[in-house]
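**Q** Sequence:
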Amino acid sequence: MKLRNLIPTISWSGASASSAVPAVRADASGPGVVFYDLNDPRVIELLRGGIETSSGFGVSTEMALRNPTVFRCVDLICGTAAMLPLILHRETADGDLERAKSHPLYRVLRRRPNAWQTPFEFKGLMQYRALVEEKGAVALVVRSPRGPVTDLLPLEPTRLEIRQADDFTMRYFYQRKSGGRIELKASEVFHLRGLTFDGVNGISRVRKAADAIAIAIAAERATAAMYRNGTFASGTLEIPGELSEVAYARLKESWAARHTGADNAGSTPILEGGAKYEAFAMTARDAQSAESRRFQVEEILRTFGVPRPLAMMDDTGWGSGIEQLSIGFVRFGMNPWFRAWAEAIGRDLIDDDADDLEARFDIDALLNGTIKDQFEAFAKAAGAGGHQPWMTANDIRRRIGMASHPDGNGLDRAAVAAKPADGEDETETKLEAAAEAALKKRAPAKENDDED
Numbered sequence: 001m002k003l004r005n006l007i008p009t010i011s012w013s014g015a016s017a018s019s020a021v022p023a024v025r026a027d028a029s030g031p032g033v034v035f036y037d038l039n040d041p042r043v044i045e046l047l048r049g050g051i052e053t054s055s056g057f058g059v060s061t062e063m064a065l066r067n068p069t070v071f072r073c074v075d076l077i078c079g080t081a082a083m084l085p086l087i088l089h090r091e092t093a094d095g096d097l098e099r100a101k102s103h104p105l106y107r108v109l110r111r112r113p114n115a116w117q118t119p120f121e122f123k124g125l126m127q128y129r130a131l132v133e134e135k136g137a138v139a140l141v142v143r144s145p146r147g148p149v150t151d152l153l154p155l156e157p158t159r160l161e162i163r164q165a166d167d168f169t170m171r172y173f174y175q176r177k178s179g180g181r182i183e184l185k186a187s188e189v190f191h192l193r194g195l196t197f198d199g200v201n202g203i204s205r206v207r208k209a210a211d212a213i214a215i216a217i218a219a220e221r222a223t224a225a226m227y228r229n230g231t232f233a234s235g236t237l238e239i240p241g242e243l244s245e246v247a248y249a250r251l252k253e254s255w256a257a258r259h260t261g262a263d264n265a266g267s268t269p270i271l272e273g274g275a276k277y278e279a280f281a282m283t284a285r286d287a288q289s290a291e292s293r294r295f296q297v298e299e300i301l302r303t304f305g306v307p308r309p310l311a312m313m314d315d316t317g318w319g320s321g322i323e324q325l326s327i328g329f330v331r332f333g334m335n336p337w338f339r340a341w342a343e344a345i346g347r348d349l350i351d352d353d354a355d356d357l358e359a360r361f362d363i364d365a366l367l368n369g370t371i372k373d374q375f376e377a378f379a380k381a382a383g384a385g386g387h388q389p390w391m392t393a394n395d396i397r398r399r400i401g402m403a404s405h406p407d408g409n410g411l412d413r414a415a416v417a418a419k420p421a422d423g424e425d426e427t428e429t430k431l432e433a434a435a436e437a438a439l440k441k442r443a444p445a446k447e448n449d450d451e452d
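The working numbering numbers the first residue of the sequence shown as 1 and each following residue consecutively.
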């Protein structure tokens, strides 16, 4: 691949052959950006696919993931999507949903997407690429001679080119590792993307947050350089009188050996000759640096839609507030991705005439409250407290991972006293409800008498 394909215009500006400091201008990376050496790390990052930012250096996906906040956001979103079961459902004639276990795609999504990946690994990789790659996540669809999907093979984004033809059909070109370029039809790929600005490609959260990530990385580098070089001035030495050149050199060498560098942080100085040590208090500059780093963390979290507590940022304790934030993250942060998965599967993997099939993530575990809240909700659903039941005992047992019970398939319809009408005696209404309940209990015995 030619250099021109990576950087459209690279020109030597203002430098003759005898110039000691040639300047390389990369017009594609932004106005006014000048590299003074082809060995400049910013050039290397740009050639690796990095994005030049206002902070002065490029941010690649790999570099961005070295930032703890970016890594936490990516790991949280991808891990959440990867851990949930992706189930293919079929709608029955009466409108209920059942698992389509007999369909070949059910096994691909639930058990074995390909020969070397588990569903967790496949979903995590596809979600990662959809999150940070401009092209989204693309997988090759392998079908049996009869047509059903048998495998989903993830394709490396750097080897992929996506185009939309004049007739609006999608065309995918893939560069094989062994050489050669092949064209894939839209029916041969599974393309997962989230928010899109052109209807063809997705968006990269890393690219959109490149400036915020770059500033965070720059702050980390500056702090690391201070620890590495020992440039933290923690205080001053006050020495009475004037030091000779020999005494000054000896004091400087001794102080540097004992108190410079991260390994010597916190060591106690030993003074002589009436010298006094006065430690610095935290300066406004130090406070501003800490606040700036905290602000950059929040900027990155906004880009990925992750609440602060889920990034281990807040000092507050875990409680009901954190629980509600977690549920909010699922609803507003993850649900768009769950819908993107479901609709991409419906478009690329399910036949057009199979309108009764739909893929869904099982997100019930993410929305569950505490054990106490769950049991109270299940009790009401089963009819406790005079509520109309809408779940059987076996429905509840399956939700909490227990085996079905032979007597748990029916709804427990408890007698609920109706509210008396205006002018009607409340006592009489209760008696009528009790009488009706008694008749229902005697009904099976009467049937047995008739049979006898």
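No lab work stands behind these hints: they were computed from the structure.
The beta-carbon is built from N, C-alpha and C at its ideal position, and this holds for glycine as well.
Hints are not guaranteed to be accurate.
[Claimed, not checked] Below, computed lysine-lysine pairings styled on DSSO-like, alpha-carbon distance capped at 30 angstroms: (1) K135 to K177; (2) K185 to K135; (3) K135 to K252; (4) K101 to K185; (5) K252 to K276.
[Claimed, not checked] Cβ-Cβ distance ranges computed for the label pairs, FRET-style: (6) R207 to S244: 26 to 32 angstroms; (7) G346 to D167: 19 to 25 angstroms; (8) F375 to Q164: 15 to 21 angstroms; (9) E121 to R207: 42 to 48 angstroms; (10) Q164 to K380: 23 to 29 angstroms; (11) S178 to M313: 28 to 34 angstroms.
**Q** For every hint, state whether the structure bears it out.
**A** Results of checking the hints against the structure:
no.: 1; hint: K135 to K177; in the structure: holds, 19 angstroms
no.: 2; hint: K185 to K135; in the structure: holds, 16 angstroms
no.: 3; hint: K135 to K252; in the structure: violated, 57 angstroms
no.: 4; hint: K101 to K185; in the structure: holds, 28 angstroms
no.: 5; hint: K252 to K276; in the structure: holds, 15 angstroms
no.: 6; hint: R207 to S244: 26 to 32 angstroms; in the structure: violated, 59 angstroms
no.: 7; hint: G346 to D167: 19 to 25 angstroms; in the structure: holds, 22 angstroms
no.: 8; hint: F375 to Q164: 15 to 21 angstroms; in the structure: violated, 52 angstroms
no.: 9; hint: E121 to R207: 42 to 48 angstroms; in the structure: violated, 25 angstroms
no.: 10; hint: Q164 to K380: 23 to 29 angstroms; in the structure: violated, 52 angstroms
no.: 11; hint: S178 to M313: 28 to 34 angstroms; in the structure: violated, 46 angstroms
Going down the numbered hints, you'll see the structure goes against 3, 6, 8, 9, 10 and 11, while the others check out.
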